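We have chain A; now place chain B with the ligands onto it with these hints.
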Amino acid sequence: MSRPILEARGVTKQFGGFTALDGVELAIGPGERVGLIGPNGSGKSTFVNCLTGALTPEKGAIHFLNEDVTALPAWQRARRGLVRSFQIPRPFKKLSVIENVQVPLRFALSEPPPTGIDRRAMDILDSIGLDAKANWAPKDLSQVELRKLELGRALAANPRLLIADEAMAGLSDSEVDEIVALLERLNGEGIAVILIEHIMRAVMRFSQRIVVLVAGRKIADGDPAEVMRHEDVERAYLGQ
Amino acid sequence: MTALSPSLSPPARRLPKPFSWPVLVAGLAIVAVEMTLGAQVSEYYLLLAYIILQYVVLSTGWNILGGYAGYVNFGTAGFFAVGCYTTIALEKLAAVPLPLAILAAGVVAGLIGLGTGYLTLRLRGVFFSIATLALAVVLQTLIVNWSFVGGSRGAYVMRPDAIAPFASYVQYLLVVMTVLAMVAVLAAIAIERSWIGMGLAAIRDDELAAEASGVPGLRLKLLATTLCGAFMGMAGAPFPYFITYVDPPSAFSLAIAVNAIAMPLIGGTATWWGPVLGAVLLGFTQQVLTVTISSAANLLIVGILLVVFVTVAPTGVVGITRAWRGRRA
Ligand SMILES: Nc1ncnc2c1ncn2[C@@H]1O[C@H](COP(=O)(O)OP(=O)(O)OP(=O)(O)O)[C@@H](O)[C@H]1O
Ligand SMILES: [Mg+2]
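Top line first, the protein sequences correspond to chains A and B.
Just so we're aligned, residue 1 is where the first sequence starts under our numbering, counting upward by one.
Just so we're aligned, residue 241 is where the second sequence starts under our numbering, counting upward by one.
Hints were generated in silico from the structure; no laboratory data involved.
Predicted model, so just to flag it, every value in this text is computed and none were measured.
Warning: the hint list may mix true and false statements.
Between beta-carbon pairs, the in silico distance windows are [unchecked claim]:
(1) A:39 / B:359: 16 to 22 Å
(2) B:565 / A:169: 19 to 25 Å
(3) B:550 / A:88: 24 to 30 Å
(4) A:88 / B:539: 39 to 45 Å
(5) A:131 / B:340: 27 to 33 Å
(6) A:114 / B:494: 52 to 58 Å
(7) B:333 / A:10: 32 to 38 Å
Yeah, the Cβ is synthetic: ideal placement off N, Cα and C, and Gly gets one too.
Chain A extracted, bound-state conformation (with noise of 0.2 Å):
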């Protein structure tokens, strides 16, 4: 593997007395399709937080594109290209589906998009088939439309590094498709993509290695076909 773009040590996180993260361990090349698994509440979203910067870490640090990020807000991680997607959408519900679009081309990008920021929101409208929908209250839109906008939106503030915290979760096998094909098309651009997700059809398909957390530890790390094969995930998994 070429350098890694991220490079997570250590990262331990704490609620009260309880330990959801234990010293995970994670290193991520540029252009790389991730799948991040393991059983509810094994603190895949708590990793993604404190990768991206929602939650300050106990122990641990972070580097992203050879910068120690682990003290830099939210926002200053996502215009370096650290970008998430929300598990649960989470629209600007008062705004157009084109104006949450346009809030990280506005605020995310170093400099303004080439084509100017209506164009360029528009362009990623259409490429999520949200286009004839600009207009319309987030609130009217359905599950996997409300995911489609979650993910244009992280998109609009350029990735380098996508974490799609289970953009599929509750969505019907062709749509899981759809979503699954604008995620290989974004990484088709070289946007490396960490997927977190329950729908193990759509992780297989997807990832070129595969993650494992289970109760807040890493426990395996590899090619989709051997970690699968792995006698722990499979405990994991069957065990519950």
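Just chain B with the ligands now, with coordinates in the frame of chain A:
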């Protein structure tokens, strides 16, 4: 922002220019009317207009933080009083021209806004509001114990003589407040139509998601608290010359705290003209009530209106007219 609904989706929206020429022209036209009529009408009408414009400044200032960023400030009376007492303190030291006192009040109240914001903006929602209320109480205690500005006894302020083109000092006060209201509204419009307004709206809707989209939450909120504090302080700066006797209860009045919240909420917090409309409607109604019934009835009626609007029409008059226009379209 635009009316959002699939049934009435307008074509792709473009942000209007941040500077509003119509508001500038309207403001100057009002000044012209005040200059020509000011000497002929009874002073009562000048004072009435002054009060309403003072509320335009207060509710517009409140809305920059409360409406655009979604942080409810209960401490308006504190910032207003800081403005009042800046003028009184300056007046004790030297004969400072009013515009300079207003600027000084804006700086002092703005800095207090900045400091409060820095200390409290990590608090969410209701905790922030309680902190601003506590700030007003702290400021009042300080003033009560500061004898230089009159302490609890209060301070008398002499209205200076009328200045050249003005027929009376009250007319001068009115023109000054009109200009201040115009500046406040122009600032609100500029924020609303620029990337700052969009960032504040994102923070209001979802702070975590806003930060994840690159919005510098703390910085924008500090900008909003500073501007909010500064406008409220500036609104208070001419007040000592208006009532000529200021004591803590009149500067830190409940009416100011309540009106600054009620006016934007009743007018509508989504756009700049909601607070203006609320200030004009409520300010006028209250003055009429003071004359016809009693000043005690004022707050009662404002309170009832506030409850009615918050429960029945949370988008205010602006929201109601939009829904109505939408239905007819
Ligand atoms: N803010 C918080 N305060 C206290 N405990 C928390 C907090 N956030 C998460 N936890 C706890 O930390 C653990 C890990 O939660 P997390 O949301 O990271 O799991 P997850 O792997 O994302 O699960 P899921 O697959 O259900 O999304 C859970 O036991 C959860 O209850
Ligand atoms: Mg999760």
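Okay, the hints, checked on the actual structure:
1. A:39 / B:359: 16 to 22 Å: violated, 41 Å
2. B:565 / A:169: 19 to 25 Å: This hint is violated: roughly 39 Å between Cβ atoms.
3. B:550 / A:88: 24 to 30 Å: Given a distance of about 28 Å, which is inside 24 to 30 Å, the answer is holds.
4. A:88 / B:539: 39 to 45 Å: Holds - the Cβ-Cβ distance for residue 88 of chain A and residue 539 of chain B, about 42 Å, lies within 39 to 45 Å.
5. A:131 / B:340: 27 to 33 Å: Because 54 Å falls outside the window, the suggested range is violated.
6. A:114 / B:494: 52 to 58 Å: holds, 55 Å
7. B:333 / A:10: 32 to 38 Å: violated, 60 Å
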